[in-house]
Amino acid sequence: MVQIPLLSLITFLPLLGVVALALLPRGQDEKQARRARLIALMFAGVTFVASLALPIFYDAVVGGFQLIEKAVWMPSMGLVYHRGVDGISLWFVLLSTLLTPLAMVSGFVVKERARSFMAALLLLEAMMIGMFTSLDFFLFYVFFEGVLIPMFLIIGVWGGERRVYAAMKFFLYTFLGSVLMLVAIFVMVMKAGTSDMTALMGFAFPKEMAVWLWLAFFASFAVKTPMWPFHTWLPDAHVQAPTAGSVILAGVLLKMGGYGFIRISLQMLPEASATFAPLVVALSLIAIVYGSLVALAQTDMKKLVAYSSVAHMGYVTLGIFSGTREGLDGAMMVMLSHGLVSAALFLGVGVVYERLHTRDIARFGGVASVMPRFASVFMVFTLAAVGLPGTSGFVGEFLAMQGAWLMDHRVAAVAALGIVLGAVYMLWLYARVFFGVAEKADVKEMRDLTWREAALFLPLLFLVLWLGLYPTTFTKVMDVDVKHLAFSLQGEDR
Amino acid sequence: MTSILFALPEITVALAAMALLLIGAFRGDKAGGLVTSAAVVSLLAAAALVALGRESGVALYGMFAVDDYRRFVKVMLLIAAAGSLVLAPVFFGGQKSGLKPEYPVLVMLATLGMMLMISAHDWIALYVALELQNLGLYVLTAFQREEKRSSEAGLKYFMLSAFSSAIMLFGLSLLYGFAGGTGFDVMAHTLAQGQAMPIGLVVGLVFVMAGFALKVSAAPFHMWTPDVYEGAPLPVTAFLAAAPKIAALALLAVVLGVPLIAAASVWQPVLMALAVASMALGSFAGLLQKNIKRLMAYSAIANVGTMLVGLAALDPVAGGMSVEGLQGVLIYLAVYFVATLGVFGVVAGLRQGEALVESVDDLAGLSQAHPWLSLVLAAMLFSLAGVPPLAGFFGKYFVLLAAVKAGLWPLALIGVLASVVAAGYYLRIVKIMYFDKGSGSVLTSPRSYAHNCGLALATLFVVLFVLWPSPVIEGAHQAVERLLVP
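In the order they appear, the protein sequences are chains A and B.
Quick note on this note's numbering: the first sequence kicks off at 40 and runs consecutively.
Quick note on this note's numbering: the second sequence kicks off at 4 and runs consecutively.
One or more hints might be untrue.
Derived BS3-like pairs: lysine-lysine, alpha-carbon spacing no greater than 30 Å straight-line [what the hints assert, rightly or not]:
| id | chain 1 | residue 1 | chain 2 | residue 2 |
| --- | --- | --- | --- | --- |
| 1 | B | K99 | B | K151 |
| 2 | A | K483 | A | K150 |
| 3 | B | K440 | B | K159 |
| 4 | A | K70 | B | K293 |
| 5 | B | K103 | B | K159 |
| 6 | B | K293 | A | K208 |
| 7 | A | K483 | A | K230 |
| 8 | B | K293 | B | K151 |
| 9 | A | K208 | B | K440 |
| 10 | B | K33 | B | K99 |
| 11 | B | K33 | A | K150 |
| 12 | B | K159 | B | K293 |
By construction, these hints were calculated from the structure, which means they are not laboratory data.
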């Protein structure tokens, strides 16, 4: 049987879409924009459908890297085109392919240079999928960095007032983090003689060197995640980015940091990870509490959601570096849940922004009475962000806390404080925007969700509940890999 | 008999240049376009001739060497020269003086000098070829006689370059005194005897390197670069930025890697110092530039610095110059010259009203007026910044990886940090093109068919390199291995 190169297929389909958009004949602006949207959505949709084959073909009982594609690429440099997914990366691929078409639909409101906007989103999708499925360091870095260009343009061209500052900060900040990682990759390749990531996972680096390597990777992933105190680019980027950009940024790009921590820091440098775990845990706790407190003080809805992302990512790093199976499971679930929920929250902010052209919380009030459908949908996502049992948020935070508890009770206690704070800022946001009486004239005029907008929220709503009510569907696919990873981390001390 | 055939491409270029000169002399200035087209065709034909060559050896009484390495570099050089000629008609078309037929002829003669440089196998051949190159470049720089800036740049370039040639010649005479012969083989043989290196040799070597440093515009010998880049007519700047860098860096690699390899303990620290200084200066000083040509000058300094890191890498096992390092340098050169020509190619066509576009700020709103053109420029700039998946990343990756493998990880660290700083100025141009609103005055861009094709090819190369990099990478590998591994 000839194996279909599924991973290459879903990586290159969006690129094909970019080519198709580039070849689109020049036409009337409005007509051409409509065509461009349709084409882009078609490619993203097909990619999503194709990516659904991943969990079908992936054998979760066996685990490990599957659907491997390997081809000699640059023989003299020993570089191999090596791709594959395991139970961990598989979900990130699906998250990318799901959120991209949603972001596109939300981006239909972009009138200016619609074709380029769609092309940038497709390019972004290809890079994200490529990054999560690369098993060669060279390839990994190419995709990891390749994300920067389209995102830079999305923020800078289609962003808000201070978009230039935000785009430059985003680019240079993450670029600085990544080049340090590049040097670490050089050293690893030099030491191990290969850039194959599966081979590097079994390679024991000298202790002294591993510490430096770990720090270099940390620089890159901590910026990307972002961890406190490397998070300052995030609020700027989020606030200035167009809705579609925020959705992808929060939904997928932030996960690249968490994924990197798992795939590289834990799997390749386990001992150094254990050494630095207390530092990361401390930073995570600060991120959780600080992010929540700052979110509490925000008057801009987008900024509030952005800071809540900082807090949620704190749970992710906490779970990862708790070194327990529960913590890892929790980190994964928080990432998946946050991918869905934050995407939905940003979409929600986009909905009200399109109507009133402001994100100032004080400008709203009583929206529930004029937009009942939107209010109920947003309620579900608010509760999911708070971590109400039955929603996706609960499962992840609970497991991450459990991991923290197993490591140190005091850590779990501080982390629990974050959950309380999270409930405060999210519910307070909801109360200020939706409850009360609609007094302002323009608020009274707001229309409820259109069909297009409703179509955006429904799949997310469905998945948030699925993840919350029956997480086993998701955990069982990654179980073997997470167990294996946790075992290898604790092998000695337990 | 066969030996002269080794120089067939050089002879082709020389004969073509003379023939075209005659055409220009008889037909007058109106033949400019025709002569330029013919020059492009003959340069590309020479490139094909080089590429078709298979035999390696030393010819012309030990003066002239041909091997895979020389062929690889010459093909790059000839394409770069042809590429810089392609953008000349559009630029000179808008000038009072128009496109004179001497222009392509001078480019060809300078290119001939560079081809001979690459093939040099003897100190005398090296020096003569270098001077032939320089002579052409002096005149080209001052080509727009009626423009004060152009003449000033020509004079500056002449003074500094002549000075450096003199220093280099003095250094060469010291090397000759040490080895007792002018051939590369004699030098290698004498050094391999393993006796202590006399101070004269060390001084001579350092002088020769100083001369090279000025030619490749490595800091602190870079002073002429921004002024000359700015003053020279834009197609000349493009030529200066691409062709001489290829020739001089490739020749420096040959000189250090083959005859002088036993003196690596002397030249490696010098190269490292030059590399660090160039990377730091090129990256930081570029941030302050407002003129595109000056900015590209600092970009050249920074990029040359990174390439010098690759040359400084020594093989930790065999002790010779690192094959991977030099391979990385060749890849770097290939992607660098394409991106540089691409940047100048875009700018060459732009006019604001009648005036040339020279300031970075003039590019505001380009993405709205010319979406494709700005896309091309953005691709080139991101490539120069070394952002994957564009071609520029490959050069940086392989050069710095080789440096780490050779134990020079501090240089690699400086290299990546400098690339972040430099990304600041490349991004600024992208920012101005895409994020800033235009001033209202319309940017026009008359371009020829060939010009468009050139830009399209360069863009495809930069963007699609990642999909099929093996021709360049494997070609460079084979070339370097033949040169360095006996």
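| query | For the pair supplied as a hint, K440 of chain B and K159 of chain B, is the alpha-carbon distance within the 30 Å limit? | reply | Not OK: K440 of chain B and K159 of chain B at ~37 Å, beyond 30 Å, violated.
| task | Would you check the hint for K103 of chain B and K159 of chain B, treating anything up to 30 Å between C-alpha atoms as holding? | result | With a Cα-Cα distance of about 23 Å, the restraint between K103 of chain B and K159 of chain B holds, given a limit of 30 Å.
| Satisfaction of hint between K293 of chain B and K70 of chain A, Cα-Cα up to 30 Å | 39 Å, violated
| request: For the pair we were handed, K33 of chain B and K99 of chain B, check the Cα-Cα distance against 30 Å. | output: Holds, because 13 Å separates the two Cα atoms, which is no more than 30 Å.
| query | Does K208 of chain A pair with K440 of chain B here, judged by a C-alpha cut-off of 30 Å? | reply | 20 Å, holds
| Satisfaction of hint between K150 of chain A and K483 of chain A, Cα-Cα up to 30 Å | Status holds; Cα separation ~26 Å.
| request: Could you grab the alpha-carbon distance between K483 of chain A and K230 of chain A and see if it respects the 30 Å cut-off? | output: Distance ~66 Å between K483 of chain A and K230 of chain A Cα, so the pair is violated.
| query | For the pair supplied as a hint, K33 of chain B and K150 of chain A, is the alpha-carbon distance within the 30 Å limit? | reply | 49 Å, violated
| Hey, K159 of chain B versus K293 of chain B, does the alpha-carbon distance stay inside 30 Å? | 21 Å, holds
| query | Hey, K293 of chain B versus K151 of chain B, does the alpha-carbon distance stay inside 30 Å? | reply | OK: K293 of chain B and K151 of chain B at ~20 Å, within 30 Å.
| query | Taken at face value, is the distance from the CA of K151 of chain B to the CA of K99 of chain B at most 30 Å? | reply | Measuring from Cα to Cα gives roughly 14 Å; hence the hint holds.
| query | Quick one, are K293 of chain B and K208 of chain A close enough, alpha carbons at most 30 Å? | reply | 21 Å, holds
The structure fails hints 3, 4, 7, 11 (numbered hints given earlier, in ascending order).
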